[in-house]
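Okay, here's what each chain looks like letter by letter:
Protein chains: 2
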Amino acid sequence: MEISKEHISDQLKQLQANICDALEKADGKGKFSIENWTREEGGGGISRVIQNGAVIEKGGVMYSAVHGDAPDFLFKESEHAVVTEKTARPKFYATGVSIVIHPASPMVPIIHMNVRYFEMNNGVKWLGGGIDLTPHYINKEDAKFFHSELKKVCDKHHPTYYSQFKKWADDYFFITHRKETRGIGGIFFDRLNSNTEMSFEKNLNFWKDVGSSFAGIYTELIKRNKDKSFNEHNKQWQLLRRGRYAEFNLIYDKGTKFGLESNGRVESILMSLPKFASWEYDHKPQAGSEEERTLSLLKKEINWV
Amino acid sequence: MEISKEHISDQLKQLQANICDALEKADGKGKFSIENWTREEGGGGISRVIQNGAVIEKGGVMYSAVHGDAPDFLFKESEHAVVTEKTARPKFYATGVSIVIHPASPMVPIIHMNVRYFEMNNGVKWLGGGIDLTPHYINKEDAKFFHSELKKVCDKHHPTYYSQFKKWADDYFFITHRKETRGIGGIFFDRLNSNTEMSFEKNLNFWKDVGSSFAGIYTELIKRNKDKSFNEHNKQWQLLRRGRYAEFNLIYDKGTKFGLESNGRVESILMSLPKFASWEYDHKPQAGSEEERTLSLLKKEINWV
Chain Z
1 MEISKEHISD QLKQLQANIC DALEKADGKG KFSIENWTRE EGGGGISRVI QNGAVIEKGG
61 VMYSAVHGDA PDFLFKESEH AVVTEKTARP KFYATGVSIV IHPASPMVPI IHMNVRYFEM
121 NNGVKWLGGG IDLTPHYINK EDAKFFHSEL KKVCDKHHPT YYSQFKKWAD DYFFITHRKE
181 TRGIGGIFFD RLNSNTEMSF EKNLNFWKDV GSSFAGIYTE LIKRNKDKSF NEHNKQWQLL
241 RRGRYAEFNL IYDKGTKFGL ESNGRVESIL MSLPKFASWE YDHKPQAGSE EERTLSLLKK
301 EINWV
Chain B
1 MEISKEHISD QLKQLQANIC DALEKADGKG KFSIENWTRE EGGGGISRVI QNGAVIEKGG
61 VMYSAVHGDA PDFLFKESEH AVVTEKTARP KFYATGVSIV IHPASPMVPI IHMNVRYFEM
121 NNGVKWLGGG IDLTPHYINK EDAKFFHSEL KKVCDKHHPT YYSQFKKWAD DYFFITHRKE
181 TRGIGGIFFD RLNSNTEMSF EKNLNFWKDV GSSFAGIYTE LIKRNKDKSF NEHNKQWQLL
241 RRGRYAEFNL IYDKGTKFGL ESNGRVESIL MSLPKFASWE YDHKPQAGSE EERTLSLLKK
301 EINWV
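Taken in order, these protein sequences are the chains called Z and B.
The opening position of the first sequence corresponds to residue 1 in the numbering used here, with each subsequent residue numbered one higher.
The opening position of the second sequence corresponds to residue 1 in the numbering used here, with each subsequent residue numbered one higher.
The following block holds chain Z by itself, in its conformation from the complex (with noise of 0.2 Å):
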């Protein structure tokens, strides 16, 4: 049985709302907004927000579900191209959840995930996601059990999706002119349809396992470490980690470059970005500090697990 768009984008949304829900009641204060919008084109979606709570200073989690003529940039971007006559391009439909949470604690970590779907009506279709986790302050005992619940979803479904998904976060979340990842990575994936093993509906229920181990992933982490102190230094370090995910954000990321090309909502693309943010210019941790120690793990190809 064909599964089609629309149930997929269901259980996108109800995805989006159990997310929500697990969150607040983790924060134990802030609360979302909800504001649905519609995008000229063709569709919308749902953007809910959560700002100073009592984990939580920043963070969306996102529904969309938008269509329309295949965009220019599709068609020089996809392997799949075929399609050069702009009288003749296919439709498409694209529906996902994106989340980004900028903790207000330095010791609670950044965390990220987005799942989605994309196809058009010439039978092109794929999935794609990831989670990765940004500590201000990287934990090596947070950091295993962070990547050790992304390996349980993967070695589910497919025993080297692990280990192939890793390595691709570890390449995806990379900040190239300044030589360090983002976080401590965790999974990406992109352009899932079926392959030797796994037809496309078994890699979508992996694809919908990875979006449902969110919740019970961070709401732990947020357990973990929301009760730790911190100082000053502390809080002005949190701010010149977070410029870097702003560099990340603003200079590489592909689906805020999707969504900024393809005319898609502002707000809602760029809720990614924290609250307050921090650059100093030539900044260096002190010898020995554990600001200096996080610096030097911010390197692909560590086995966190």
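Every clue listed holds true.
The list treats identical chains as one, so a pair stands whether inside a single copy or across any two.
In silico BS3-like cross-links for lysine-lysine, where the CA-CA straight-line distance does not exceed 30 Å:
| id | residue 1 | residue 2 |
| --- | --- | --- |
| 1 | K179 | K91 |
| 2 | K226 | K300 |
| 3 | K284 | K29 |
| 4 | K300 | K254 |
| 5 | K25 | K284 |
| 6 | K235 | K25 |
| 7 | K284 | K13 |
It should be emphasised that the hints constitute simulated quantities derived from the structure, not laboratory data.
Quick caveat: nothing in here was measured; it's all calculated off a predicted structure.
Given the coordinates of chain Z, work out where chain B should sit on it, guided by the hints.
Then chain B, alone, in the frame of chain Z:
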């Protein structure tokens, strides 16, 4: 007589020194650091940064002169491209001064200037540059003063340069996804060599005058505004405007892109980012407020003179 690239670089170095002197005097407290750096592939620069001054919170006056094999993207972009084989590619030399000043007070505008000279050993050479102003609160008298001064510099050399280059600045300093200009514009020009009325040497004189005009214009704007009072609300608005400034520089600015892609010195390139910036989800200024008035003036094609 042919003007050598070394001569142009020497003059830019002198311009950097003069501007730093003038800004230190205007600030009254802050001092510029001096840092010499070299580029592995050839050349280097002098980075001069001022932090936590009485007027200037963070500012850089950067000089550089780099050279080597012309990089790939120059050929993709350049209308002068004739050489496509890597083995035959020419050598390039690029030298310039770049300035961004972020004042502490929201009543003092952010300013940017860049003057640059580029040549290849295949005979191609050009001048580029620009000055633009980003007031957190637009003051029409200051805007008139700023544009009138730039017009004076332009008019001295060519009757239509001001209107041409003012339009170019409106188009260049535009945050497409926000549908707003970065500030009140100024002048911008690129790939200036010779044209009907102007030899390269005449354009070089115009270009030098642009650089020399900076210190007088900005120190006057500092004098006019530095003692104005402001409150927390004004300060938060300043952080939001700086967020927009960061968006422009990280997404659109060609100098930033060129720098990061050509393996330039990251800290020198990103000194343009403010010490502190802020993003609020879906921020809208109050109806009838000064903030709303400023937003309404962030449009192209305003005649400020």
